[in-house]
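Chemist: Using our numbering, the letters of the sequence shown correspond one by one to residues 1 to 290.
Accuracy of the hints is not assured; some may be wrong.
As the list claims (entries may be wrong) - Pairwise CB distance ranges, derived in the manner of DEER restraints:
(1) Glu107 with Leu195: 39 to 49 Å
(2) Leu141 with Gln109: 53 to 63 Å
(3) Asp120 with Thr67: 18 to 28 Å
(4) Asp120 with Lys198: 47 to 57 Å
(5) Asn124 with Arg64: 22 to 32 Å
Quick caveat, the hints were computed from the structure, so don't treat them as lab data.
Values in this document were obtained by computation on a predicted structure and should not be read as measured data.
Even for Gly, the Cβ is constructed at its ideal location relative to N, Cα and C.
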Amino acid sequence: MSRLIPVVILLFLAVIVADSSLYVVKETERAVKLRFGRLIDTEITPGLHVKMPLADDVRKFDARVMTLDAQPESFLTVQKKRLIVDSFAKWRIADVDTYYKATGGNEAQAMNRLAKRVNDGLRNEFGTRTLNEVVSGERDLLMKDIKDGLNERVKESLGVEVVDVRVKRIDLPPEVSDAVFRRMQAEREKEARELRSKGLEEAEKIRSSAEREKTIIEATAYSESELLRGEGDAQAAATYASAYSKDPEFYAFVRSLNAYRSSFKDKGDIMLVDPQSDFFKYLNDSKAGR
């Protein structure tokens with residue numbers, strides 16, 4: 001048992017030495033080595049490495065693409081129109097040596113300094129473009145110019161690479177938004193009134209056209225009916241004339257009967273007529289005309 005104690009102690013010391021002299025750098029990490037606070041190695045590849053215990057210190061940084069979500073800022077366009085821009089940027093460490101020297105490996109400090117440069121880039125690009133260009137016309141070109149301009153500066157000063165810059169939202173200031181909304185509302189109301197007036201005008205045209213067609217159809221129908229009625233009356237008259245011409249005396253007799261029937265249908269009617277007149281021709285003499 002007493003022989004195992006030195007072995008255990010040696011193993012324990014070996015573990016401590018190994019833990020303080022070995023370190024691992026992952027594929028998703030970048031690292032620098034310092035010896036007594038002085039930077040001695042910045043090109044550390046992923047894998048298992050050795051360092052001097054107590055003398056060396058290894059600082060590791062996330063090498064993946066990270067997101068900088070900037071606070072909305074106010075920018076002016078070339079037309080001096082103020083916009084509230086909400087943006088974000090994607091970035092990663094490109095030169096770990098420069099990154100460590102510029103920020104001390106402090107990610108928050110790197111974010112703050114990068115955010116300032118992103119805002120400066122946006123301000124410069126917005127200041128050379130109109131409202132339409134930054135909102136819709138040249139959005140992709142605007143983002144590319146900002147990214148290229150940032151990379152020219154931040155790679156040398158911060159040791160980082162800007163992968164992408166995007167604008168999430170562009171708003172007008174509240175005091176301007178209300179005025180724009182009112183103007184848009186007035187324009188839409190004006191457009192609605194114009195459409196209504198055009199609709200009423202078209203309705204009147206359709207209504208007057210229908211009335212005109214109705215009048216023409218009724219006039220044509222009346223003309224045709226009168227023509228048919230005239231032809232019928234003429235045909236009837238011709239038929240009557242043809243029939244009565246065969247026996248004129250019988251025709252006169254029938255007419256007299258019709259006249260008697262019409263005159264004496266109401267008992268209260270009074271007529272003052274000469275008894276010898278032609279009206280009573282067939283009443284006075286049933287053989288009249290024979």
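Chemist: Run every hint past the structure and note whether it holds.
Modeler: Structure-based check of each hint:
{"no.": "1", "hint": "Glu107 with Leu195: 39 to 49 Å", "result": "58 Å, violated"}
{"no.": "2", "hint": "Leu141 with Gln109: 53 to 63 Å", "result": "31 Å, violated"}
{"no.": "3", "hint": "Asp120 with Thr67: 18 to 28 Å", "result": "19 Å, holds"}
{"no.": "4", "hint": "Asp120 with Lys198: 47 to 57 Å", "result": "51 Å, holds"}
{"no.": "5", "hint": "Asn124 with Arg64: 22 to 32 Å", "result": "29 Å, holds"}
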